[in-house]
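Protein chains in written order, with the numbering used here: chain A, 1 to 248; chain B, 1 to 248; chain C, 1 to 248; chain D, 1 to 248; chain E, 1 to 248; chain F, 1 to 248.
None of these hints come from the bench; they were simulated from the model.
Keep in mind the model is a prediction, meaning the values are calculated, not measured.
Among the clues, some could well be false.
Here are the simulated EDC-like cross-link-like pairs (lysine to aspartate or glutamate), alpha carbons at most 20 Å apart as the crow flies [claimed, not checked]:
#1 A:K170 - C:D143
#2 F:K221 - A:D234
#3 B:K221 - C:D136
#4 E:K170 - A:D171
#5 D:K129 - B:D171
#6 C:K170 - E:D143
#7 C:K129 - A:D171
#8 D:K129 - F:D171
#9 A:K231 - F:D151
#10 E:K170 - C:D171
#11 B:K221 - C:E126
#12 E:K170 - A:D188
#13 A:K221 - B:D171
#14 F:K170 - B:D171
#15 E:K221 - E:E118
#16 F:K129 - B:D171
#17 F:K231 - A:D151
#18 E:K24 - E:E150
#19 D:K221 - C:D136
#20 A:K129 - E:D136
#21 B:K129 - F:E126
#22 B:K221 - A:D188
#23 D:K170 - B:D143
#24 D:K231 - E:E118
#25 C:K221 - D:E193
#26 A:K221 - F:D171
#27 A:K129 - B:E126
If you anchor each label on the Cβ, the simulated ranges turn out as follows [claimed, not checked]:
#28 A:R227 - F:A31: 33 to 43 Å
#29 A:R227 - B:D188: 17 to 27 Å
#30 E:K129 - F:A238: 43 to 53 Å
#31 A:K170 - B:P242: 32 to 42 Å
#32 F:P152 - A:A238: 20 to 30 Å
#33 F:D143 - A:Q66: 29 to 39 Å
#34 A:A238 - E:A134: 38 to 48 Å
#35 A:Y229 - F:G195: 32 to 42 Å
#36 D:A169 - F:S166: 20 to 30 Å
#37 D:A134 - A:Y229: 52 to 62 Å
Idealized CB from N, CA, C, for every residue including glycine.
The primary structure of each chain is shown beneath.
Protein chains: 6
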Amino acid sequence: MNILVVNPNTTCSMTETIGQAARKAANAGTAITAVTSSMGPVSIEGYYDEALAVPGLLIEIARGEQAGAEAAIIACFDDTGLDAARALAGIPVIGICEAAVRMASFIARRFTIVTTTERSRIPIEELVKRYGAAGDVRVRAADIPVLSLEDPQSNARDRLRSEITSAIAKDSAEAIVLGCAGMADLADDLTREFGLPVIDGVSAAVKQAEALVGLGLSTAKRGPYARPYAKRYDGMLADFAPQLLSGT
Amino acid sequence: MNILVVNPNTTCSMTETIGQAARKAANAGTAITAVTSSMGPVSIEGYYDEALAVPGLLIEIARGEQAGAEAAIIACFDDTGLDAARALAGIPVIGICEAAVRMASFIARRFTIVTTTERSRIPIEELVKRYGAAGDVRVRAADIPVLSLEDPQSNARDRLRSEITSAIAKDSAEAIVLGCAGMADLADDLTREFGLPVIDGVSAAVKQAEALVGLGLSTAKRGPYARPYAKRYDGMLADFAPQLLSGT
Amino acid sequence: MNILVVNPNTTCSMTETIGQAARKAANAGTAITAVTSSMGPVSIEGYYDEALAVPGLLIEIARGEQAGAEAAIIACFDDTGLDAARALAGIPVIGICEAAVRMASFIARRFTIVTTTERSRIPIEELVKRYGAAGDVRVRAADIPVLSLEDPQSNARDRLRSEITSAIAKDSAEAIVLGCAGMADLADDLTREFGLPVIDGVSAAVKQAEALVGLGLSTAKRGPYARPYAKRYDGMLADFAPQLLSGT
Amino acid sequence: MNILVVNPNTTCSMTETIGQAARKAANAGTAITAVTSSMGPVSIEGYYDEALAVPGLLIEIARGEQAGAEAAIIACFDDTGLDAARALAGIPVIGICEAAVRMASFIARRFTIVTTTERSRIPIEELVKRYGAAGDVRVRAADIPVLSLEDPQSNARDRLRSEITSAIAKDSAEAIVLGCAGMADLADDLTREFGLPVIDGVSAAVKQAEALVGLGLSTAKRGPYARPYAKRYDGMLADFAPQLLSGT
Amino acid sequence: MNILVVNPNTTCSMTETIGQAARKAANAGTAITAVTSSMGPVSIEGYYDEALAVPGLLIEIARGEQAGAEAAIIACFDDTGLDAARALAGIPVIGICEAAVRMASFIARRFTIVTTTERSRIPIEELVKRYGAAGDVRVRAADIPVLSLEDPQSNARDRLRSEITSAIAKDSAEAIVLGCAGMADLADDLTREFGLPVIDGVSAAVKQAEALVGLGLSTAKRGPYARPYAKRYDGMLADFAPQLLSGT
Amino acid sequence: MNILVVNPNTTCSMTETIGQAARKAANAGTAITAVTSSMGPVSIEGYYDEALAVPGLLIEIARGEQAGAEAAIIACFDDTGLDAARALAGIPVIGICEAAVRMASFIARRFTIVTTTERSRIPIEELVKRYGAAGDVRVRAADIPVLSLEDPQSNARDRLRSEITSAIAKDSAEAIVLGCAGMADLADDLTREFGLPVIDGVSAAVKQAEALVGLGLSTAKRGPYARPYAKRYDGMLADFAPQLLSGT
């Protein structure tokens, strides 16, 4: 089974962290291809970065499908471009927030998502509402830049730990979801340290991709995820938009 | 990986249907043990049957965990006894309604569950609300007794087809979820026939069990799923209740 | 008028507390029969105990109806087995959480339920949501074992008082609901002490039972509360399940 | 026990219908005083009539409390002026919509309210939402003027029957609530005719009043129902506003 | 363009504050007529005052429409009598809470309303829920009498500032809405002082009135805001009710 | 006052329709600049087109703000890129769906949005939920391609009329909202034809822009709409992303 994992920001070191987590989570027979978007922000922090990351993300998903991927994962906790990717692709597409929230719901009734920056908190709260878990989930921001997670000198991990401590004490959190793809390598250590389930979205999405492919399920093509109409795209996008479509 | 699938009604032929669907869905390395409850109703149709099926179900889950199961599936679409089983067991426990609804949500925005009897419709609607998908899901009853699904002479499959047709025409359903464990063998044929994703809960639950075990995740033991307190159980239940607990 | 009050745990001293509260609340012409379940846990603390208490509870309700009860009350604040009992019985069945929440809603816009253990908090929050009062009600756990309420030496009442104080100060609670049948004798004293309405679920349920019987209303038998189908029940339950049904 | 029933419109013949239903519902020891407002519209059909009925209603409630009533019922299905009356009065105040919806919720999971005019439908839907039953209740308008219910020559009852038939067929209604005080005399006949519970709000409110008074419960006076501040009221209202307050 | 602003309490000095804010907000070509109700309480603090303010309010709106107003504003943050006024009037009617909440939603995702008294908090929370912003808005009470806002010696403004400080620190408020018409003159100073948008409902309502009139939009007269039926109104109200109606 | 209206698709004839509607709605002193995006799809039909329209849209908003626009309108009923534009811009940004839904809420309790294609229905339903009007609004698709609205030979207007007729008959719609910027020229005719308010989002957005600018209100810059962090943007976007940011 071939699964594509797209890092929709352009920072290759983060793609490595993500790819390792994905491979660790994957079944023996699953090949993970982790790619970095070539177009967009170096990190996704808020709505603006999210929007500018989408075209690059869509290119990678279209290319990956053409190259034989059977499912695609969007490795940003804002589930950047998820709906557009689902409409574009013939293969299932999974967001890591969505995957983490749904998997956490199988094992806990109240849990807390710890994300990076305050400006990402409300977008994630909106996702949680969309995924139907709003009453059961709190979102906390550790107030750390996304790229500081890549820097072993930063205090990012300490701030993260501090928010987990608060989540257990004040939110009655039964489990923790790590709210950034850049935290994908921390789940095991934090599980041990805090003695409760700590869920990483990249790993969760790999398992959901395997599950969907395993059952032969893909995005329903009636309704909002129907294949895009063939039409003209103007300007800079004209270079790749038709190519995207021809790939589906 | 060892996964226990419990049929919480006492009809062995249904367990066979369920077991076959589970094995078909499972990964190569996954062993499925499908067991029939020895205590309770021959089919689960409504709240009363559901309640009487729980003790027998809990016994099978406790036994299965003692025998080495790494996850347990409750193969009744009412998710009978799910919360009690989660509190009892040290391994993850998955309901087939929950698994089907969450997997369907990865591939469709509006879908319809087709179940058997009218008296099961509202319990399933309540589950859908609990799982956070109330706005996106319709529940239809085909008005067929559960056990008629085991009888090739009955018109059960025709009635089921008729409701799927209505779901597509009137509910804007993009996908269908089969709302009874006894329908587990029908998903593939109906997918082909109707040309849209048809999801069986037993298969979905197997994949979710593999996903949770694969990531080393199990039920959070803080909060409502904490291990039951050791205490006296009186009457007929005294025979098995302590035994259940000693197994956890 | 004959009203049956079932204590679904097997602790007779708690049945006495409950029976006294019920008799105190009842009209002059109402006879209260308070019975103790003979099968199940000595106290109900969380989902597991709840599930194991249901068969014993259903036996008592079926017996009570056969003996002439005109309404039945389930005297556990988790409203244990309420739906199954409603399907089974020809007489109205009332849960004490449901009764307390609905009566409190006639006299207060924001109120707090104080229950015993943390593991009961989320089940009660789910009930409150089901009863449509989620936005107006807070649930607090006093962190006391249920049976400590029967023990005059315990600090249970002090912890209860402490949570009521917090509810008034922090939740803007206008009234208090006592979230355990074992607190049924405390409502009057606490009302006087705190100077706001304190509502006991057992008393509330007695008044609702009198109201329904007085108007000749009973459970609707269309839909999810339709009389259970006659069918075979296997195993230990075979001893009483048909007997239950023959009583309806 | 003395219970005041206020008809907030000025049509005495409707007060008689209401009073009879109230007396029929009341316990042996309950005295019903049914009064007609002396100020306001002859029938309440929509928001405008509702608003103009409130001052007259408040006068009757204040007078009734001074005269010894232990609870007050507002006998209009819009629950006209309920919040203001609760703030004003020292005795519990009950709306008939509120009482009917809460009592119906003890015996049915899905029910339909049949009211008079289309312009009352949305106000009642708003009440149902406020009372937490929005997901379970449909509201239908029989398209009949309120006062036509008093006229034996009108086709009002036939239209009402027609909507009940639709509710059973199309809404999966398990029970019916009559959505106008002027229908208070019809519940018994319709119950027999349709073979499902038909609930009248006036009767329901009498039982809730008896329940609250029986338990010594009255409106919480912290928060939004705190006693009105003493202050000046100008204009026409100056004649009765202070008098109202002095009565509380 | 002629816009009527009704102060539904009888305190003329507050009408002046309101009128000034309205004129400041209005376009060059907009004439503001600010009137004081002649009937009702000197300030509106809670449900009781609200109800008694409605008849006087309706008179002013009917008179204003007869005199040529093209839109009417109800200048009390409880949106007193809004539905009745909409049914009565042929011109659009705007509540200041509604206007402020909707305008704030264009510029902020989370904001806090600071109102006067605790007894107004829940009515405003109910409005916020009705206007669809419940998940995004907190309501705080500064615990100040409405008329203290008119008194420069009072500490009302300090208490208001203190709640704004808390809203920013604890509610993650991105903007503030002033929850009382009597605060209409404070928005500019508080905006400067706190460095975030502070929205006054009177000003917001003036802009919404201009917007509706500018587009030729007025209240839909199908459904709940249909013109009141012609009927008899008894008692004190008989003096003005027909006159109101004849004006529409 | 200068207001920028961006057509986020690349079809100039639609920009003309939009610009005319905007100018007609604007106050005398308001200058409307209507621009066509130079990058993206020729029409926006579903999630994929929406995503590819965003970069071009953001460029126009950044340019417009630099050129002195005081508010920006996104003239696509999916409110394409609204959150990203709000984060980017220092001026208020208004979506036409948002503006139309909020304005309709001032004049109707139940209304229907009629949009073009089925694949746009669910995105609009999601917007309606986000704007807090989900319970009051129905969305219908007339099953017409967006660009057919530009073609006088097509049957687009007939299909639109047919859905309005259904909305009045079946949805109890009190008003209609036109769910596509390409319908901006039809509101007046349809209002006359159907005799109920018909609201165009472009006009509504112009009035809301005038309202916000008139009160000196702009997007709150705490929280999710805080100014984007300065960072590197790679690939094709590198050409304009920094330029966008330098303009804010």
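Status of the hints after comparison with the structure:
1. A:K170 - C:D143: Roughly 16 Å separates the two Cα atoms, so the pair holds.
2. F:K221 - A:D234: violated, 33 Å
3. B:K221 - C:D136: Not satisfied, since the Cα-Cα distance of roughly 28 Å exceeds 20 Å.
4. E:K170 - A:D171: This hinted pair holds, its Cα atoms lying about 15 Å apart.
5. D:K129 - B:D171: violated, 24 Å
6. C:K170 - E:D143: Given that 20 Å is the threshold and the Cα spacing comes to 16 Å, the pair holds.
7. C:K129 - A:D171: Distance ~19 Å between K129 of chain C and D171 of chain A Cα, so the pair holds.
8. D:K129 - F:D171: holds, 19 Å
9. A:K231 - F:D151: Roughly 17 Å between the alpha carbons, so the hint for K231 of chain A and D151 of chain F holds.
10. E:K170 - C:D171: Between K170 of chain E and D171 of chain C the Cα gap is close to 16 Å, so the pair holds against 20 Å.
11. B:K221 - C:E126: Given that 20 Å is the threshold and the Cα spacing comes to 18 Å, the pair holds.
12. E:K170 - A:D188: Cα-Cα ~32 Å, so violated.
13. A:K221 - B:D171: holds, 15 Å
14. F:K170 - B:D171: holds, 16 Å
15. E:K221 - E:E118: Distance of about 36 Å is beyond 20 Å: violated.
16. F:K129 - B:D171: holds, 19 Å
17. F:K231 - A:D151: holds, 17 Å
18. E:K24 - E:E150: The given pair, whose Cα atoms are some 19 Å apart, holds under the 20 Å limit.
19. D:K221 - C:D136: Satisfied, since the Cα-Cα distance of roughly 16 Å is no more than 20 Å.
20. A:K129 - E:D136: holds, 12 Å
21. B:K129 - F:E126: Holds, at roughly 17 Å.
22. B:K221 - A:D188: holds, 17 Å
23. D:K170 - B:D143: holds, 16 Å
24. D:K231 - E:E118: Within the cut-off at roughly 17 Å; holds.
25. C:K221 - D:E193: Roughly 16 Å separates the two Cα atoms, so the pair holds.
26. A:K221 - F:D171: violated, 27 Å
27. A:K129 - B:E126: holds, 18 Å
28. A:R227 - F:A31: 33 to 43 Å: With Cβ atoms ~41 Å apart, the hint holds.
29. A:R227 - B:D188: 17 to 27 Å: holds, 23 Å
30. E:K129 - F:A238: 43 to 53 Å: Cβ of K129 of chain E to Cβ of A238 of chain F: about 46 Å, so the range 43 to 53 Å holds.
31. A:K170 - B:P242: 32 to 42 Å: holds, 36 Å
32. F:P152 - A:A238: 20 to 30 Å: holds, 29 Å
33. F:D143 - A:Q66: 29 to 39 Å: For Q66 of chain A against D143 of chain F, whose Cβ atoms are near 32 Å apart, the range 29 to 39 Å holds.
34. A:A238 - E:A134: 38 to 48 Å: Between A238 of chain A and A134 of chain E, where Cβ atoms are some 44 Å apart, the hint holds.
35. A:Y229 - F:G195: 32 to 42 Å: holds, 35 Å
36. D:A169 - F:S166: 20 to 30 Å: Check passed, 22 Å falls within 20 to 30 Å.
37. D:A134 - A:Y229: 52 to 62 Å: violated, 38 Å
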